[in-house]
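**Q** Listed in order, the protein sequences are those of chains A and B.
Residue 836 is where the first sequence ends in my numbering, and the numbering goes up by one at each step.
Residue 594 is where the second sequence ends in my numbering, and the numbering goes up by one at each step.
There's no promise every hint is true.
[Unchecked claim] To spell it out: a stretch of chain A is covered by chain B in this simulated footprint if at least three of its residues, at any positions, have a beta carbon under 8 Å from a beta carbon of chain B; those stretches are:
| # | region |
| --- | --- |
| 1 | 722-734 |
| 2 | 768-778 |
| 3 | 782-788 |
| 4 | 791-800 |
[What the hints assert, rightly or not] Per label pair, the in silico range of CB-to-CB distance:
| # | chain 1 | residue 1 | chain 2 | residue 2 | range |
| --- | --- | --- | --- | --- | --- |
| 5 | A | E832 | B | S531 | 39 to 49 Å |
| 6 | B | D495 | A | A787 | 31 to 41 Å |
| 7 | B | D489 | A | P772 | 47 to 57 Å |
| 8 | B | R472 | A | E758 | 26 to 36 Å |
| 9 | A | A787 | B | A537 | 51 to 61 Å |
| 10 | B | D495 | A | L836 | 44 to 54 Å |
| 11 | B | I435 | A | A743 | 27 to 37 Å |
It should be emphasised that the hints constitute simulated quantities derived from the structure, not laboratory data.
Heads up, the beta-carbon is just placed ideally off N, CA and C, and yes, glycines get one too.
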Amino acid sequence: MTTSILVVDDSAVSRSIVIRSLPAGWDIAITQASNGREALAALEQKPHAVVLLDLNMPVMDGYEFLEAIRQSALPRPVVIVLSGDIQPGAQARVRQLGANAFVKKPVRAESVLGALRECGVL
Amino acid sequence: MRCAVIRIGTPESRDALTELVNIGMGQAGDSLARLFDTFIQLSIPRLTMVEPAQLAPAITAMIGDAGPIVAVRQAFSGRIRGEALAIYTASGCDSLADLVGYSDVSSDELLLEISNVLIGACVGALASQFSLDLCFSPPSILRRCATAAELLEPSQLPWQNALIAEVNFRVVERPFCCHLLTFWPDESIRVLLRAVDAFLAQL
Chain A
715 MTTSILVVDD SAVSRSIVIR SLPAGWDIAI TQASNGREAL AALEQKPHAV VLLDLNMPVM
775 DGYEFLEAIR QSALPRPVVI VLSGDIQPGA QARVRQLGAN AFVKKPVRAE SVLGALRECG
835 VL
Chain B
392 MRCAVIRIGT PESRDALTEL VNIGMGQAGD SLARLFDTFI QLSIPRLTMV EPAQLAPAIT
452 AMIGDAGPIV AVRQAFSGRI RGEALAIYTA SGCDSLADLV GYSDVSSDEL LLEISNVLIG
512 ACVGALASQF SLDLCFSPPS ILRRCATAAE LLEPSQLPWQ NALIAEVNFR VVERPFCCHL
572 LTFWPDESIR VLLRAVDAFL AQL
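Excised from the complex, chain B in its bound form (with noise of 0.2 Å):
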């Protein structure tokens, strides 16, 4: 299914926001690596805007046919709020505690500890940028070997288009891959794009 293409911002700001995300991943990436004791593969961030029922799609095309999912929500809020998922893929979180080296924690903990570290590195840094202080809620555990289309009821979401911006992290030669997903709803995004545009003006 294709999605239908909603413009954001100008190429400029885009092309800026898109790198302010691959800063947070990178730092995203860099705790993650601290904790596995690893090499962390990043992806090249994405942004793509959806309308709610567009979204399942969205996630299916991002994350591929990878069989059962779990995902790690975590909300975050300030002068900008969103949400963040994390999907794992089922197998991938059986090798967690292996990773890390832990074998008295149970695999949940891990991976809210885990889905912890990544979008607070991540949501956290893109806000530092702009600096902008964000509060971000205890992170739960969404769906456990779900569908991409089951994770989300589009009915029950809030906004009319969401600006995703999708990052991967990958262990090599391991099966743990995760997506993260951030969901910037319209206010968000147009306070996200102001912060942008001031930032260009700066340059």
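For reference, chain A alone in the conformation it holds in the complex (with noise of 0.2 Å):
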């Protein structure tokens, strides 16, 4: 089955770095945002299992998407943040505000895919 990704970072050349530390081989359908409004958009779109979310964006920023999400009805996905704002306290607040994971920037394969099976995604 194909799993539906939504890749949210205000850098192209970020989102280009997320998408190729995803595992090889494995069944996915990407979708791009560069922000959280953006992002908002493409969930009330369609439903997508998992997000990969940034922090530090323009418009709406990675914590107001997390807001956003818990008071809407929208389905939610698994939401992992990948983030170069490494504080304790950015960590912490992300975790309240439903985030299940969380990686440190820059982005490691290795990272990322600790992160999708400390989610059950894998």
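Take the two lone chains, each set in its own frame, and fit them into one complex as the hints suggest.
**A** Following this line, the structure appears as structure tokens:
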């Protein structure tokens, strides 16, 4: 079964790095968004199993996105935060807002794989 | 005053460089959060290319009219060289001892220590992603209670263009705020962009 993944980051290069870090041979359909608002619109259009979310973005940042999906009636995806903001307070805050895992940037394939396993997606 | 737009590499290399600055900023923010034991709000990094004459208006545009400022300068050198400028509001500096919980250290010592931590983490993280070794000079207080226009004398700046990478660190509900600007002169910009291109080619 194809797993739908939403990659949210304002940097196209960063989205590319994240996509390339996903396990080879995994049957996935990828949607990309460059901020939280675009990501919300994508989720309203169709449910996604996994959201790979940056925090520091213009328009709507990762925290606001997490808050928005928590307050919405949308089907709840697994959210893995991938961020350069690695301070303990950021990691605690996204967990409080419902994120399932946190991966530090620079993104490494083994870290993403570990987070996907931690969340039971793989 | 408007600054002339000077192109920085390709859109893709600019995007990659901004993302790498973002990672460096995150590591610096983590260091500061641990030092202050509080949450640090980070900005979205901005890259700007300026000529020396445009520097003062560019800095004013970045930091806004926040009243008197205190600036700490630290140079770095290696295969890339440049300078970092940590700019604080004078009012925010007054709360430093309270923030870190030290009562027996002068505010100048604290400023130098905080600047050293921020610049070392931010610039060091960026350089380490390209495996570039850097040496840092000791930080020094450049000006106290100055305006942005008084910070640097354009005629004494030894470069034609400089890439400014701007990141901001803010303590929530406290007056403390630091604008960290890093200046990369012409040759270092070329080295940096070559390293970014090599990084992109690996993707």
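**Q** Now tell me if each hint is right for this structure.
**A** Going down the list of hints, with the structure as the test:
no.	hint	result
1	722-734	holds (count 8)
2	768-778	holds (count 3)
3	782-788	violated (count 0)
4	791-800	holds (count 4)
5	A/E832 x B/S531: 39 to 49 Å	holds, 46 Å
6	B/D495 x A/A787: 31 to 41 Å	violated, 55 Å
7	B/D489 x A/P772: 47 to 57 Å	violated, 32 Å
8	B/R472 x A/E758: 26 to 36 Å	violated, 49 Å
9	A/A787 x B/A537: 51 to 61 Å	holds, 53 Å
10	B/D495 x A/L836: 44 to 54 Å	holds, 53 Å
11	B/I435 x A/A743: 27 to 37 Å	holds, 29 Å
Hints 3, 6, 7, 8 from the list above are not met by this structure, while the remaining hints are.
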